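Peer 1: Each chain, letter by letter, is given below.
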Amino acid sequence: MTETLSDTRPERVPLPADSSEPFLVVENLTVQFPTYDGLVQAVSDLSYTVKLGETLGIVGESGSGKSVSSMAVLGLHDVKRSRLTGSIRVGGKEIIGASNSTMKRVRGNDVAMIFQDPLTALHPFYTVGAQIIEAYRLHNNVSKSIAKRRAVEMLERVGIPQPDRRVNEYPHQFSGGMRQRAMIAMSLVNDPKLLIADEPTTALDVTVQAQILDLIQDLQREFGSAVIMITHDLGVIAEISDEVLVMYAGRCVEKGTTKQILTWPEMPYTWGLLGSIADVASDVSKPLIPIPGTPPSLLNPPDGCPFNPRCPHTDKVEGRRCFTELPELVQFPRQTHPTRCHIKDPDLIWETEVKEEIM
Amino acid sequence: MSAQTSTPIGESGQTPLLEVNDLVKHFPVKSSGVIRRTIGQVQAVDGVSFNIYKGRSLGLVGESGCGKTSVGRVITRLYDPTSGSMKFEGNELATLSSKEMLPYRREIQLIFQDPYSSLNPRHTVGSIISTPMQVHKTVPRDKMVARVQELLEVVGLNPEHYNRYPSEFSGGQRQRIGIARSLALNPKLIVADEPVSALDVSIQAQVVNLLQDLQKEFNIAFLFIAHDLAIVRHFCPEIAVMYLGKIVEIGDRDQIYLTPHHPYTQALLSAAPDVKQAAIGGRRERIRLEGDVPSPINPPSGCRFRTRCWKAQDICAAEEPPLLEVGGRQVACHFAEPLQVIVPGSMADVVSGNGLPGDGGPGDVAGNGAAAEAASRRGSTAL
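Residue numbers (the numbering used here), protein chains in the order written: chain A, 1351 to 1709; chain B, 9 to 391.
Any given hint could turn out to be false.
Some chain B residues near chain A, calculated using beta-carbon distances under 10 Å [claimed, not checked]:
| # | residue |
| --- | --- |
| 1 | S175 |
| 2 | G179 |
| 3 | V209 |
| 4 | V216 |
| 5 | L277 |
| 6 | A279 |
| 7 | G299 |
| 8 | V301 |
Rather than coming from a laboratory, the hints here were simulated on the basis of the structure. In this text, all values refer to a predicted model and were calculated from it rather than measured experimentally. C-beta atoms are modelled at their ideal positions from N, C-alpha and C, and glycine is treated no differently.
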């Protein structure tokens, strides 16, 4: 870690001196929330990296910790109500334990976020323009009129028609897709190097979803930024991600390139996810294969592998290890990418048992 | 079933369970102030016709605001239709008073989208499920608990949980409670309004399978309203595509998905994310629609899709295209012609490498390489 920067530096964090380090490095991140009922282990031992120009897809069910982990990257967890350990480095700068003033310079400037619901993420009392101008002037010492010109320019860039008129309108005057575009404009106004998109298209129609995904990809190509795409939709992941991280019960259970995950998944949970989705071209006479049961409580997760109550393959591991021992995220010699599973030869099971059934 | 699917609309010999003809639902727009004059009409549903047959499913797809939910609510008479007819087993429903409607409410039930807001948090599951049976007096009081437990078992919940409150259940379980409630009166038709879109992927599959099992077991017809094209295709042999209050294309599953004729259907299908396509390293050619859906208060003249359509010409603004039979389905377009957007075939073909279009191309480096590697490793382990 190159902690050479002083906190008084006003401008953005430069690339780390050791430029081989990816822009975002998350190491052994653990996020816990103490509650009256006990300790919620929202994220446990999560590590990943994202390079500039790359897109990482994080997929998982609700409550799997995918949003909590990315909010930690922005330092959005209240220190009084959460316990964070591990390390998050954005451009070489440590985020965990950083002061509020440091975080203010990082947020929106180096790292920006697109939220799921643009209606609640935009302030209803202020015009869209005012909100973009505020975001710009926080990090750039410019006059209001220059900032407004920048806001109009950004609205135009994200494909909002008549941006010079739209800049003075309120969020409720925008349609859902327009609002999401406006929020993307706001998050990109400071040219962030890392963009976190938390279910950016879940609330949108398919045609608008396609527009927004295209837009995010175009902008990424143009600005060369790193993107984290958080979603529960494997279709979106398939379209946009270079790498995929599958999360379950606060842990990474499988990590690989998008192709590896989609064509050679090696973890029973990923098999379940693939079996659960209907495809626009698949055989309709085959029933969907759902994952039985529901995700575990993070207050007291099951012993051993957290997926064991729903896993149909626990009998393939000797000595009931699935129920007693938490598997490590490792790559066995016969695997193409790391998984958190005791099964030593997942490709064989995939090939002989699972593939026919779910594909 | 397969013999009938080629002529799904009105010609299958059997009389439809529900016959909807030229259904219209307009909502008045009032001015502000003391005297609230009507200053316009939201044309939510504007002349929709379709048939639903006993024990079969019709899917209704379209973007938000296209009127698909309004159709469902009019059919269940939660909204009164502005005009048009709906015949349920030959009986006209559109003009019935609420008292006359009562016996038909038993036959047509609704499953709501949001399992959180559609269950009263202060009522127990037992009381939620038994209320329709109390209202319609179908089950005597002393047999009520047994019937509720039976229904809970049918939808895959623990029958002992009838005394619990909705907050004690997860989203998928709540949706099952909603389904149990809709089954309580043994309906012939269920209007399922986005029944799975609020659920997680792994739970969606559970609920879709449950609905399919129930359909087989009780021979229930479904009007399945959803925006997820893949789920609709999986569930419904017949599909209607709506745009701005009108049906633009209606036909059987394969006709709609493999040879869509209406430009809007083509655009919708091309926008659907496709895991399979992405897995082979490509992406299907997307038809980008410009702009947003126009306001239903003041829809465009002629064809309503013309403002976003790449085929639009003068005739589209002047004349509204009628819903006509073209290539086995009905389509409302002056320039209807087939365009294949989706490549048929299953994920298994992709994984096993059959018909990989991008073989050896620049697009497929990691995945296929890894797959081949894994395959060769498996070969060596077998030896």
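Peer 1: Run every hint past the structure and note whether it holds.
Peer 2: Now the hints, each set against the structure:
no., hint, verdict
1, S175, "violated (14 Å)"
2, G179, "holds (8 Å)"
3, V209, "holds (5 Å)"
4, V216, "holds (6 Å)"
5, L277, "holds (7 Å)"
6, A279, "holds (4 Å)"
7, G299, "holds (7 Å)"
8, V301, "holds (8 Å)"
When each numbered hint is compared with the structure, a violation occurs for hint 1 only.
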